[in-house]
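Novice: Spelled out, the chains give:
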Amino acid sequence: MSDDFVNEQHLELRRADVRDALLAAGEALREALPQRVPILVGGDARHGQELVSVDPGLPARIVALAPSATEADVDAAVAAAAAGRSEWAERTPVERARVLRGAAALLRERRLELAALASYECAKPWAEADADVCEAIDFLEYYARRALELDRDGMLGQPPGERNTMRYLPRGMVAVIAPWNFPLAIPTGMVAGALAPGNAVILKPAPQAPACAHAVVSALLQAGVPAAALALLPGGDQPGAALVRHPGVEAIAFTGSAKAGSEIVRAAAETPTGASHVKRVVAEMGGKNCVIVDSDADLDEAVPAIVRSAFVYAGQKCSAAARVLAHEQVFDALASRLAGAVGTLRVGQAQELGVDVPPLIDAEAQQRVASYIERGAREGAVRAQVASHPGAGGGFFAPPTLLGELPAASPLLNEEIFGPVLTVEPVADIAAACDIVDGLPFGLTGGLFSRNPATVRHVVGRSPVGNLYVNREITGAMVGRQPFGGNRMSGTGAKAGGPDYLLEFCRARVVCENTTRHGLVV
Amino acid sequence: MSAEDQILAIGRQLAGNLPRSASPGERVDARLLQIVAGDPALRAALFRFTDVRPACTSVADLGQHLVTLLEDASPASRMGRAMLALARPRATRPLAALGAGGGVQRLAHRFIIGRSVDRALPALARSWDAGVAASVDLLGEASVSDEEAEAYVGRCAEALHALASGSASWPARPVLEADSLGPLPRANLSVKVTALTPEIRVEEPRRGIEDALERLRHLLRLGHRLGAHVHVDMETLDSRETVLGLVLEVLSEPEFRDGPSAGLVLQAYLRDSPAELDQILSWVDEHERRVPLTIRLVKGAYWDHEVIEARQHGWEPPVFTDRGECDRNFEGLTRTLVQAHPRVRLALGSHNLRSIAHGIACVRARGLQERDLELQVLRGLGDDLAHALARMGLRVRVYSPVGDLLEGMAYLVRRMLENTANDSFLAARSRGAPLEELLAAP
Ligand SMILES: Cc1cc2nc3c(=O)[nH]c(=O)nc-3n(C[C@H](O)[C@H](O)[C@H](O)COP(=O)(O)OP(=O)(O)OC[C@H]3O[C@@H](n4cnc5c(N)ncnc54)[C@H](O)[C@@H]3O)c2cc1C
Chain A
1 MSDDFVNEQH
11 LELRRADVRD
21 ALLAAGEALR
31 EALPQRVPIL
41 VGGDARHGQE
51 LVSVDPGLPA
61 RIVALAPSAT
71 EADVDAAVAA
81 AAAGRSEWAE
91 RTPVERARVL
101 RGAAALLRER
111 RLELAALASY
121 ECAKPWAEAD
131 ADVCEAIDFL
141 EYYARRALEL
151 DRDGMLGQPP
161 GERNTMRYLP
171 RGMVAVIAPW
181 NFPLAIPTGM
191 VAGALAPGNA
201 VILKPAPQAP
211 ACAHAVVSAL
221 LQAGVPAAAL
231 ALLPGGDQPG
241 AALVRHPGVE
251 AIAFTGSAKA
261 GSEIVRAAAE
271 TPTGASHVKR
281 VVAEMGGKNC
291 VIVDSDADLD
301 EAVPAIVRSA
311 FVYAGQKCSA
321 AARVLAHEQV
331 FDALASRLAG
341 AVGTLRVGQA
351 QELGVDVPPL
361 IDAEAQQRVA
371 SYIERGAREG
381 AVRAQVASHP
391 GAGGGFFAPP
401 TLLGELPAAS
411 PLLNEEIFGP
421 VLTVEPVADI
431 AAACDIVDGL
441 PFGLTGGLFS
451 RNPATVRHVV
461 GRSPVGNLYV
471 NREITGAMVG
481 RQPFGGNRMS
491 GTGAKAGGPD
501 YLLEFCRARV
511 VCENTTRHGL
521 VV
Chain B
1001 MSAEDQILAI
1011 GRQLAGNLPR
1021 SASPGERVDA
1031 RLLQIVAGDP
1041 ALRAALFRFT
1051 DVRPACTSVA
1061 DLGQHLVTLL
1071 EDASPASRMG
1081 RAMLALARPR
1091 ATRPLAALGA
1101 GGGVQRLAHR
1111 FIIGRSVDRA
1121 LPALARSWDA
1131 GVAASVDLLG
1141 EASVSDEEAE
1151 AYVGRCAEAL
1161 HALASGSASW
1171 PARPVLEADS
1181 LGPLPRANLS
1191 VKVTALTPEI
1201 RVEEPRRGIE
1211 DALERLRHLL
1221 RLGHRLGAHV
1231 HVDMETLDSR
1241 ETVLGLVLEV
1251 LSEPEFRDGP
1261 SAGLVLQAYL
1271 RDSPAELDQI
1281 LSWVDEHERR
1291 VPLTIRLVKG
1301 AYWDHEVIEA
1311 RQHGWEPPVF
1321 TDRGECDRNF
1331 EGLTRTLVQA
1341 HPRVRLALGS
1351 HNLRSIAHGI
1361 ACVRARGLQE
1371 RDLELQVLRG
1381 LGDDLAHALA
1391 RMGLRVRVYS
1401 PVGDLLEGMA
1411 YLVRRMLENT
1421 ANDSFLAARS
1431 RGAPLEELLA
1441 AP
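First to last, the sequence lines map onto chains A and B.
Under our numbering, residues 1 to 522 are what the first sequence spells out, in order.
Under our numbering, residues 1001 to 1442 are what the second sequence spells out, in order.
One or more hints might be untrue.
Going by beta-carbon spacing under 7 Å, a handful of chain A positions derived as facing chain B [said to hold, decoys possible]:
no.	residue
1	E12
2	D296
3	A333
4	A335
5	R337
6	P453
None of these hints come from the bench; they were simulated from the model.
We treat Cβ as the ideally placed atom computed from N, Cα and C, and that holds for glycine.
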């Protein structure tokens, strides 16, 4: 298994036969809906239908029915894992890696079907849905290899008479609280990251995406993760909060909003009496991602890249572009070209090829985005807007919108909207742009368009963000190529898909053994 | 004489018609290109400088870019180091900036015929006099909005008018004005679909097709009315299905059955180009048109892009990665196209003496007239060649870009890439490779 990691190839959608196969998979999946997703604890499955996940583009279409996990389910899951997890922890790293890669192979066999599932359950356009499946596979393949590398002895000094070793051991029990916006990739990444070094995992997926999470868990179980080491608890905030507080949970991996993330950090810090550990939290939270456009930027490239960064998947990526800071010398040209480009966006169903902006995830998101846009129009100027989809199905569509002339304190410039809304403003120079970025509480992704290496170096040196993209789109991080994660209020912990991630789920033990007897090295 | 001997003989004749010694200016250019091709770091810095040149608003800005780009690259050649030494001190930096900026301007002038069709007309008329026709290309690619696409169509329409009226008074040049299938327009415009629509989506070619349909119809109507030829260029593979679908769809419409003369491009570097040609030829068989479709066969201008894009995605590159394979495929497609006469008109876009000689030999072998083959070259790359071909009585057309530096940058950078690529025919020729080697079967 020493072969090098390579990213799973995205589908070549420019080929007609590839597209046809994908559309056929979509149809086949649609006919088989709804799926039934159980609570899975220690090998027992309990069905129910309190939790209903729907197609955001046609809410009357039910994608999955699931029970909603309760605190009792949380207790049962922790107990089952506590009783049975040693089986997984005691396997050799090689065996665990084989299982994870087996799960990757199972996902690979079902690539088109899983893309279709993400498309229907979370309104992911085809290219995005396919990328989500690929990223899930990447996480499994990458972490499997990383776990093996971690197991090799490190760079400890070894003078004669002394044997020094450091081993990475699992923390024990990890709760994973996953979002819906990468419904396959992010749960897979967090779960695989925790499983790889030997932890037991309880996955609580987003209530909007239980079926995708179930697909991931099924693949892992089928590949050989013991039932006691992996539980699935579909549900809302309640089981999530119970997991975070639970004394048996040793680490929490979370991806979601800054508000929920901060709440988890706070709750996890309250070490319950009798607890034997301080909880570790790995949190990926929101951003207010800025793209700086310098006076020497190539606008032919910047405009399409910014539009894609802001509007693909309706802006529902934590990495999405939200705010453009343009050098005043190019501001007019850039703003008007951006407006023109936004005007060409097509809003429509995720399953329709050629749609740029799919519906939002749910009615609440639709409400939230609508009120931001309304406020933005009041406080500033709407520079471009595309009417949202007129369809009769009641999908949660939102109009892609470009706003300008907003006051500095406007929430539109400072809060994460998580929707198809972009703002554009002039700055006097690059330093002023950096000051603005610096003044934001977030630090997730950022972009820079400049053709001057000195400017690039300057911004790289000043930028607080976790992932800075130069002269390209600011979304689409690849496992092993662009480890992903934010600084500041955008997150805490190592970058997903990077070399350090597994360490979050490990504790290290160093052993120093005296190997001399009466002066003789034995 | 064997077929291969025929090709060699034609190639030698062609070479014999090329000017024996370059003009002093050209010698300097050739020397510079050689140095640049041999110093990858300098080449990279100069590309980046050329690329950013039109966005620089002052000499100071230009100088600042030049020095940081050179410092970043730390070129190894004497010339590279000399440039850096000149650009670094504040006192001489403006000189270096103006020199390098002027170099880009000179290069641009070599590849771009003028800022507007009106300004280019005198040069076009001179070429015509000398027996060389032109196809005008309006620089500026990738419209991002409807307004930009409309503006492009507006510029194309203006260009068609200007070409049609400007060329009316040109003297008769029978070789350039008819082949055995009928008359050929003097006015000839090349059009880019990425400029015609901002809605090209790789995963849904219909979107771009539908958006561009009316704009292309408008240009074809105008071309028909003015008696001009409209040629649709081919770009990267991401837009091929859109471009091909668009052209075939619009030319299928009854309105265009009687004209105008129109054409499209086949890229021989694409592995699946033989199948693409089959598709085009079956379309031709199914659609009765009074003026036959012109197919411009080229190798393809986006080789580096296609390879890098495929590698980044882990895909098999859609283009040949072996020069010989690409050239053999070009010859295979040439044969198929010559066989397809009179269903289609054939134009070969190449500067490679071997590829051209092979095309001429095929036409002769099939017993066609030489005027049933058009040879096309790019301005700035094939000027000598164009005149040599004209002297041999062949029909030759020079692709002549029009526009300003900003609009032309992407084009210019592609040409520089091509011109400094070590394995291109032109590089081999300017290195002084023996004729036998240049003409050898790929
Ligand atoms: C009038 C005219 C119009 C044109 N219109 C178009 C157009 O619409 N679309 C378009 O794409 N191009 C177009 N071209 C550009 C043309 O593709 C390039 O100029 C041409 O590829 C250069 O080829 P050559 O035969 O002159 O030179 P050669 O040196 O014989 O060939 C160079 C070409 O070989 C190919 N190549 C390079 N390296 C490799 C390799 N390692 N393996 C395989 N193949 C390789 C590349 O295509 C490269 O450009 C046009 C050219 C002309 C003259």
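Novice: Hint numbers the structure violates, sorted upward?
Specialist: 3, 4
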